[in-house]
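**Q** Protein sequences appear in the order of chains A and B.
The first sequence maps to residues 1 to 301 in this note's numbering.
The second sequence maps to residues 1001 to 1149 in this note's numbering.
It should be emphasised that the hints constitute simulated quantities derived from the structure, not laboratory data.
Predicted, not measured: the structure shown is a model, and the values here were computed from it.
All C-beta atoms in this analysis are idealised placements derived from N, C-alpha and C, irrespective of residue type, glycine included.
Check each hint, because a few of them may be wrong.
To be verified - What the simulated footprint calls covered on chain B by chain A, stretch by stretch (three residues with Cβ under 8 Å from a Cβ of chain A suffice, anywhere in the stretch; the number is not a length):
#1 1109-1117
#2 1129-1135
Claimed, not checked - The list that follows gives simulated cross-link-like pairs (lysine to any residue, SDA-like), each with its CA atoms no further than 20 Å apart:
#3 B/Lys1138 x A/Ser6
#4 A/Lys251 x A/Leu148
#5 B/Lys1139 x A/Ile241
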Amino acid sequence: MKNLISMRDLSKKEILYFMEIAEKIEKGELNLNMDKKLAALLFFEPSTRTHFSFATAMKKIGGQTITMRGTSSSSVKKGETFADTLQTIAQYAEIIIMRSPIEGAARYASEVVDIPVVNAGDGANQHPTQALLDLYSIIKTQGTLENLTIGVAGDLRFGRTVHSLVQALSEFTPRFKFISPSFLKMPTYILDDLLEKNIKFEELAEIDEKIDELDILYVTRIQKERFADPEDYEKVKGSYILEKSMLSNVKENFKVMHPLPRVDEISTDVDDTEFAYYFPQAKNGVYMRQAIISILLGGVK
Amino acid sequence: MKQLKVDAIKKGTVIDHIPAGKGMQVADLINISGENIVMIGISLHSKKVGKKDIIKIENRELSQEEINSIALIAPSATITIIKDFDVIRKAKAEIPESIEGLILCPNPKCITNSEIIKTKFKVTDEKPLQVRCHYCEKKYLVEEVKIKI
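Turn these sequences into a full structure, and let the hints steer you where they fit.
**A** In structure tokens:
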């Protein structure tokens, strides 16, 4: 594997390989040495957390990073083509990690340069490293990815993260419960894919409706700006806030996940329960990104 | 009843059974430059399909790639290659597995709309005909995409 652009490109076997390597890294069973390697982090869209997570991962395996932010600091504004910018950066670095608001930007980059490219998010399209770290968090807490009941709550219409996750989990016969306001429902093209693969799902309106059946509840933020009328937001927002009182009858293995940053969709009193898993999830992101970078750089034998 | 005839051609390609109204679009698609003699019949009577359009191009043999691209607009079209007034080959427009450089991605945020890149689409479903952009991964009905002409 040379690049990581889209979950669509990965087979089940490859997904599990990423899990295996991340686990070995976490357990300290792999001695990775990337001390001559430089990662170029191209962030054409602000994302402090993802940038931080990648930079941490690269440093933890002994590598170094350079960062290019926005388009103003680059020659892109001077009229240089994107391809030229990429080719130039490829002369300096061993791997490109790229976040862009333009959909397909990472795919295109991977076709332009000879060094590996990692998609760190391209518009509303893909965010495969997030999907892989989510899967890693699920396998760590559940011991398996197979046959789980997964609730996904929040903005299911625009949420790139949940789309990638649902797509990735589809290989593992899950049962989904989708919880969202009616106009932020999971897009039909994703539901069609699920129907085609005979994957069971139901759409719910309240976050705690069937919470006792879930192995995982994946919560995402509902952005106020999505609502045309702020009053509508105030009306529905309570239905999508997870509170400690809702957790009295959940399964023992139940975990709450969230890609972060959280606003108020998970009440802070959930944080001290054994079910809260969003901060360890962020840590898992570093292990997974260490795995991804090492695999693509040929550092895992 | 007297019928208007479109002249037979000595050598070239005949694209027949184009759904009525799609003829001009097909003509644009195969890029008729004015070099060759071309006859375009619009809304002709057809026993098979009621009304049809037809295109005859002299001295030009369409490539299989060009023939396949016609399938995107007029899947029912039949293509005949003529030499010395004889049919030397009948080709069927087949929906290709992938389509390069022929259609524009309707997604304004797709990189193909901000950089000069040859578009690439994969055909995902045939009925109804749907394609997925290689770059932004969005899926579209073929009616939703713009054919690059």
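**Q** So, for every hint listed, does it hold in this structure?
**A** Quick rundown of the hints versus the structure:
Beta-carbon proximity to chain A at under 8 Å applies to 8 residues in the segment 1109-1117 of chain B; the threshold of 3 is reached and the given coverage holds. Counting residues of the segment 1129-1135 of chain B whose beta-carbon sits less than 8 Å from any beta-carbon of chain A gives 3, enough to reach three: the coverage restraint holds. With a CA separation close to 12 Å, the supplied pair B/Lys1138 and A/Ser6 stays within the 20 Å bound. Between A/Lys251 and A/Leu148 the alpha-carbon distance is near 12 Å, which keeps this suggested pair within the 20 Å criterion.
Only pairs whose Cα atoms come within 20 Å are accepted, and B/Lys1139 paired with A/Ile241 is rejected, the gap being roughly 33 Å.
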